[in-house]
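In the order they appear, the protein sequences are chains A and B.
The numbering used here applies: residue 1 is where the first sequence begins, and numbers increase by one.
The numbering used here applies: residue 1 is where the second sequence begins, and numbers increase by one.
Just so you know, not all the hints are guaranteed correct.
To be verified - On the chain B side, residues computed to face chain A include the following (Cβ under 10 angstroms):
#1 M62
#2 I89
#3 D136
#4 Y140
#5 R144
#6 L148
No wet-lab data here; the hints were simulated from the structure.
Think of the CB as a built atom: it goes at the ideal place given N, C-alpha and C, for glycine as much as any other residue.
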Amino acid sequence: MNFWQFVVSHHAEIFSATLDHLLLVLVAMVIASAIAIPCGMFMVNCPALRGIALGIANIFQTIPSLALFGFLIPIPFIGGIGKRTAIVALVLYALLPILRNTYVGLTAIDPAVLEAAEAMGMTSTQILWRVRVPLSVAVILAGIRTATVITIGVATIAAAIGAGGLGSFIFRGVALVNNSLLLAGAIPAALLALLADFLLGRLERRLRVT
Amino acid sequence: MEASRKSGTVIEFSHVSYRLNDIAARVIVSNANLTVARGETLVLLGRSGSGKTTLLRLINRMLSPTSGEVLVEGRPTTQWDPIRLRRRIGYVIQDSGLFPHFSVAENVGLVPKLENWDSKRIAVRVNEMLALVALDPALYANRRPRELSGGQRQRVGVARALAADPPILVMDEPFGALDPVTRAELQGEFRALAKRLDKTIVFVTHDLREAILLASRIVLLQEGQIVATASPEEFLNLHHPEVQAFANSLGESSRASA
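Build out the structure end to end from the sequences listed, making use of the hints.
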């Protein structure tokens, strides 16, 4: 059976795996953003936190993904087999790019603009929300974009701990030495990553303030 | 406070020193004593690194003195709420510092908005301010800063600083980055504006020609110390070597442009 015949006969299965995959990524991205963006904002007015937060996020990033999934399995509440554990791991992976871009975006603002804002009697909260945030939306989004593309790839490995998604085709394909199975997982994952990159890139360009 | 009102002193530096909080504890300003009277345009003149910008930033408490006191309207800056203090002091800098994500009108209307003026009053005020700096509101109000020339940006910067009608205006080389023609235009207009507005103005520059043109009084700084104070008419007659150095630069630049 060649690849196309496989796709035609298994299209429903591939489609639902793609949706599963997308859902994993989406949930992970929402949670990661909800943690990393406020953290990054907090770091701006509290520089002592900066090294600690970036350091922790950095450590997660250095753990090989398969190992991270493995480490999480025995941990109570967040661990075990299945989607929940996978999402925790994906969130940990996505934190660094979002956190770093949020911090960089919020701090790499024309010093003259920040000086003027301070000298006009804006409070640091007003400066954050009315100056820093609007001027760094595009950079923050670039972080989310990087994180999304990475997460779509890493999420294929989540199948190893029973989280489903497109990785299940890939693992079965590797185990059975079946290229059709392998490609049925790999190609949609690659397309998803390209599509996410393209769409978020367009949004980013529209939000950029020149 | 009453006494200073009567004498017309708006800003007073009393034995002010400012040291950096680094290992060398470098002295940026040492023992500065200075009063700025209501309605005068005081120009702080000095080379780069002479401490003139630091003096300026001590006025609106962007910096606090290491020792001594800066009094604004009779009260030490350290006892002012910095936000309230800064809202009473218009601030113009060399790179304009306009907010790139705001229109010209939003930039000018920012402090009134922070002061919770109603939007109708802000709109009226913005138009007044733009007209004051010779920008047609119909043409410029909705533009973004990047759609303006350098000179126009500085005009908007001045309009923004004046919008909430602060009694004090501090300006840090506001015309320093402009081409000579535009600079001369803005200097001329600003001179007329300053006469009309009755603001207390502290103006920083390293350009003696600009100082003489705009100042009611020139204060010369050298390595963090005030070395001379004089009216623009008397200034060039002073015998201090730093005055002579500046006077020579004036001669050279006029020869170069001749």
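Consistency of the hints with the structure:
| no. | hint | verdict |
| --- | --- | --- |
| 1 | M62 | 6 angstroms, holds |
| 2 | I89 | 8 angstroms, holds |
| 3 | D136 | 24 angstroms, violated |
| 4 | Y140 | 18 angstroms, violated |
| 5 | R144 | 8 angstroms, holds |
| 6 | L148 | 13 angstroms, violated |
Checked against the numbered hints listed earlier, the structure breaks hints 3, 4, 6; every other hint is satisfied.
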